[in-house]
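Line by line, the protein sequences are chains U and S.
If you count the first sequence from 1, position 364 lands on 364 in full-length UniProt numbering, and the numbers rise without skipping.
If you count the second sequence from 1, position 10 lands on 10 in full-length UniProt numbering, and the numbers rise without skipping.
Heads up, a few of these hints could be off.
As the list claims (entries may be wrong) - If the Cβ cut is set under 8 Å, some of the chain S residues that face chain U in the computed set are:
1. Tyr4
2. Ala6
3. Gly127
4. Leu137
5. Val143
6. Gly215
7. Ser316
8. Gly320
9. Arg337
10. Thr341
11. Thr343
12. Leu344
13. Ala350
14. Tyr388
These are calculated hints, taken from the structure and not from any lab test.
For every residue, glycine included, the Cβ atom is placed at its ideal position computed from N, Cα and C.
Number of protein chains: 2
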Amino acid sequence: MKRYEALAADIEASICAGVLRPGDKLPSVRHTCTSRGVSASTVFQAYYLLEARGLVQARERSGYFVRAGLRRAPPEPEQASQPTGQSIAVDVSERVFEVLESSMARDVVPLGSAFPSPLLYPLQRLGQALATSAKSLDPWRSVDDLTPGHADLRRQIALRYLAAGMPVSADDIVITNGALEALNLCLTAVTRAGDAVVVESPTFYAALQSLERMGLHAIEVPTHPREGIDLAALEAAIVRHRPKACWLMTTFQNPLGSLMPEAKKKALVALTTRHGVALIEDDVYAELYFGDHRPLPAKAFDTEGLVLHCGSFSKSLAPGYRIGWAAPGRFTRAVARHKLTSTLSASAPAQAALALYLERGGFDKHLRKLRAALAAQQAVFAQAVGHYFPPGTRATRPEGGYFLWVELPEGCDALHIHRQALAQGISVAPGPIFSASHAFTNCLRLNYGHTWNARTEQALATLGQISAAAA
Amino acid sequence: MKRYEALAADIEASICAGVLRPGDKLPSVRHTCTSRGVSASTVFQAYYLLEARGLVQARERSGYFVRAGLRRAPPEPEQASQPTGQSIAVDVSERVFEVLESSMARDVVPLGSAFPSPLLYPLQRLGQALATSAKSLDPWRSVDDLTPGHADLRRQIALRYLAAGMPVSADDIVITNGALEALNLCLTAVTRAGDAVVVESPTFYAALQSLERMGLHAIEVPTHPREGIDLAALEAAIVRHRPKACWLMTTFQNPLGSLMPEAKKKALVALTTRHGVALIEDDVYAELYFGDHRPLPAKAFDTEGLVLHCGSFSKSLAPGYRIGWAAPGRFTRAVARHKLTSTLSASAPAQAALALYLERGGFDKHLRKLRAALAAQQAVFAQAVGHYFPPGTRATRPEGGYFLWVELPEGCDALHIHRQALAQGISVAPGPIFSASHAFTNCLRLNYGHTWNARTEQALATLGQISAAAA
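Work the whole structure out from these sequences, hints included.
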């Protein structure tokens with residue numbers, strides 16, 4: 001990070017934390033030069049950057065001010081969802097694809113994207129690791145490391161489990177083509193066509209698409225926007241429908257951002273274990289926490305090997321490398337074998353590069369920067385939603401990740417808003433794609449994982465207008 | 001290739017072609033120095049290398065001679081297989097894994113391996129391409145190129161189709177995690193659990209494992225060791241069982257090595273198209289031909305988009321990179337979507353590196369070297385099989401690829417031989433893993449894709465003894 005960027009980040013943090021409030025004057029350039037020991041041009045560059053991001057504005061001959069009307073985030077949603085409780089055949093994939101494919105153009109403001117900005121990742125250092133490991137690649141490893149995957153990489157992943165106090169060894173890990181493959185392999189290992197699977201309500205659309213492709217039924221269980229799935233409702237659903245698996249995100253759930261408290265995760269594992277139901281835990285956002293420690297996954301409370309934990313480097317380190325993993329407990333052998341017969345192995349150069357990067361150190365430093373950037377972006381983003389969206393709008397304030405879940409006033413049609421916004425070059429992820437029963441018709445998932453700038457501000461203003469008109 | 005290696009390769013080619021015959025004296029070192037314009041030490045190095053490979057032997061004070069008793073390849077099998085004609089539920093995966101897992105140790109002589117020696121591939125130039133492309137990776141491509149895959153790579157693949165006279169464009173191609181994923185995605189696109197699928201007899205075990213995992217039934221159709229599947233039997237099976245797909249290898253079939261003549265491929269496509277059956281064509285060995293041109297795939301005769309053609313760089317260029325593709329005709333959209341919901345995309349650095357390597361040129365030069373090496377290895381290998389194996393043994397002589405299919409005398413138990421050989425540090429692929437009906441009990445698939453040397457010779461001698469004892 002350059003000097004002026006560091007300065008801008010500090011000021012942004014002060015604004016987000018409420019130390020500098022709307023209308024406050026920023027310290028004068030001369031004062032900042034002295035207090036920070038930097039040149040005037042560095043200070044100007046920092047202020048220009050904050051201005052470009054819509055955080056401050058210049059007033060002629062008066063200096064820079066925190067933008068007036070800056071701005072309160074909307075209230076959070078309070079109610080858990082209320083799905084029907086039925087076990088239903090899934091038929092959402094076509095609609096999900098329609099929405100996703102329409103939003104993929106690079107010139108669209110990517111509020112509906114599933115990915116954060118790739119600029120947040122250490123692509124240059126990864127490239128160096130790739131170049132170094134490519135030169136010293138042992139030809140025979142292309143055969144040796146097929147599945148369960150590159151031995152050093154599995155060891156590095158195991159070390160991170162160890163650091164979190166979890167007894168997952170390198171032999172318990174299967175490297176996959178991203179977490180999505182890990183989740184699918186776990187699902188294949190514990191279900192057969194016709195079985196029922198518990199999901200949250202709302203849930204990640206890719207989970208629904210996997211159920212649909214594999215002929216599985218979905219049981220949507222009430223889920224609270226802050227604390228995750230309702231355990232009493234979950235137990236009732238298990239007793240009633242006898243599902244073979246639960247596919248859950250206990251930490252920074254997609255789309256809600258909900259984080260189950262640790263005690264609740266422990267109770268969850270006790271519950272699924274008592275009923276002999278496999279728990280497939282999608283934990284890809286865990287490293288993106290804004291608090292002071294990585295939230296433990298449900299896997300940490302697993303004593304019987306019934307939690308199949310799935311992770312990935314796609315959101316934390318290396319987008320596009322497609323390296324994820326499963327720690328499938330007692331299903332490790334089954335998952336490894338399904339991997340061998342479906343895609344054989346993950347890409348050897350990508351595995352070797354990540355192993356080398358992790359070994360060299362610097363991952364945690366990168367993560368600290370990434371988390372700080374996402375937390376700051378969330379603050380500005382949420383305030384802009386509060387500012388531009390119609391009264392009655394609610395939005396989650398997750399403690400990690402890069403999604404806001406926005407509940408618009410009753411009667412707003414998210415699919416209509418999606419189409420209107422797209423016509424103006426803005427993508428959103430409309431609520432109904434997160435539900436097998438096409439619920440959440442007045443909800444949107446918005447991605448704040450891209451650098452805040454005037455274009456984002458304008459897009460949220462437009463989106464607010466469209467929503468107000470729809471309300 | 002170093003000077004002495006080039007010289008050794010030339011002499012090896014002369015031996016394989018029968019120009020130098022068993023018992024012939026090699027030209028004297030002095031003569032070769034003069035005729036080739038190389039130093040005596042280069043000639044000695046070449047002769048030592050040939051000696052290490054078991055091709056020549058030194059006689060004291062007389063010079064070097066092509067090994068006596070060198071040796072006639074066994075006769076080829078003549079009969080097409082005779083499977084039962086039933087549609088059967090597949091239950092082979094456990095046995096296949098037992099065999100494969102037992103054979104994976106690096107110190108085993110890998111005659112049962114599915115992979116050729118990684119030393120045959122231009123890993124250093126690939127590493128350079130990886131290093132160069134890693135430095136200039138456009139961060140946004142990690143999102144843009146998700147599926148159907150890296151645009152330049154798809155264009156490079158399309159150029160090779162074009163060169164073969166086939167109208168497959170970049171938009172018709174979906175990049176996958178190796179051909180195995182391509183084949184699985186194609187199968188997913190055209191079948192549902194309970195459907196029947198035609199396979200060759202014998203067939204690649206991974207096809208059987210895929211059918212088993214997806215709850216599909218196999219119809220094994222008689223297949224000739226030189227000319228591939230029997231079309232009359234295929235039509236009868238289609239009429240009788242109404243399969244949803246045929247999964248076939250028309251070029252250098254694994255394990256037989258059979259190559260369907262082009263006219264037969266054309267008739268095959270006419271037949272499957274007439275019956276509206278999708279033809280999934282596994283074409284991963286096509287570039288490994290020993291003749292003077294790449295055999296056209298069945299896809300070349302596809303007018304209705306019912307041939308789903310699957311290829312890969314794993315056998316031709318970049319083992320371990322896990323980059324393959326499908327050209328699925330009218331199922332392209334369905335395959336791309338299944339890809340998105342199962343593994344999302346292939347690894348971006350591997351795709352970019354291959355695109356760059358192909359663009360820089362040199363692929364065809366590498367392929368010429370690879371084909372020459374495999375052809376030479378086949379010749380020596382087949383002769384050794386003829387020399388050491390018991391009378392009554394037959395072996396295919398494929399015009400490409402790196403497998404021999406060996407029929408031992410009736411009564412030999414391939415699974416028994418597999419266990420005996422493994423106890424002596426040699427792996428083989430026993431016939432029954434290539435059949436849903438556990439047939440081919442007296443057959444072995446042997447891999448000649450590793451450099452011939454004294455250890456290979458010894459392994460074949462041992463295997464011959466074990467087989468003779470079993471006969």
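Hints versus structure:
Violation of the interface hint for Tyr4/S is found here, the shortest Cβ-Cβ separation to chain U being roughly 21 Å, above the 8 Å cut-off. With 8 Å as the threshold, the beta carbon of Ala6/S stays out of range of chain U, its nearest partner Cβ sitting at about 21 Å, so the hint is violated. Taking 8 Å as the C-beta contact cut-off toward chain U, the hint placing Gly127/S at the interface holds, the least distance being around 4 Å. Look at Leu137/S: its Cβ gets to within about 6 Å of chain U, closer than 8 Å, so that hint holds up.
Interface hint at Val143/S: satisfied, since its Cβ lies 5 Å from the closest Cβ of chain U, which is below the 8 Å cut-off. A least Cβ separation of about 7 Å between Gly215/S and chain U falls short of the 8 Å threshold, and the interface hint therefore holds. The beta carbon of Ser316/S comes no nearer than 14 Å to any beta carbon in chain U, farther than 8 Å, and the hint placing it at the interface is violated. Nearest Cβ of chain U to the Cβ of Gly320/S: about 3 Å, under the 8 Å cut. The hint holds.
Given hint, Arg337/S at the interface with chain U, holds; its Cβ is 6 Å from that chain's nearest Cβ, closer than 8 Å. Nearest Cβ of chain U to the Cβ of Thr341/S: about 4 Å, under the 8 Å cut. The hint holds. Interface hint status for Thr343/S: upheld, as the beta-carbon distance to the closest one in chain U is roughly 4 Å, under 8 Å. With a least beta-carbon distance of about 5 Å to chain U, the hint placing Leu344/S at the interface is held under the 8 Å criterion.
For the restraint placing Ala350/S at the interface with chain U, the shortest Cβ-Cβ distance is roughly 5 Å, inside the 8 Å limit, so the hint holds. Violation of the interface hint for Tyr388/S is found here, the shortest Cβ-Cβ separation to chain U being roughly 26 Å, above the 8 Å cut-off.
Hint violations for this structure: numbers 1, 2, 7, 14, all remaining hints satisfied.
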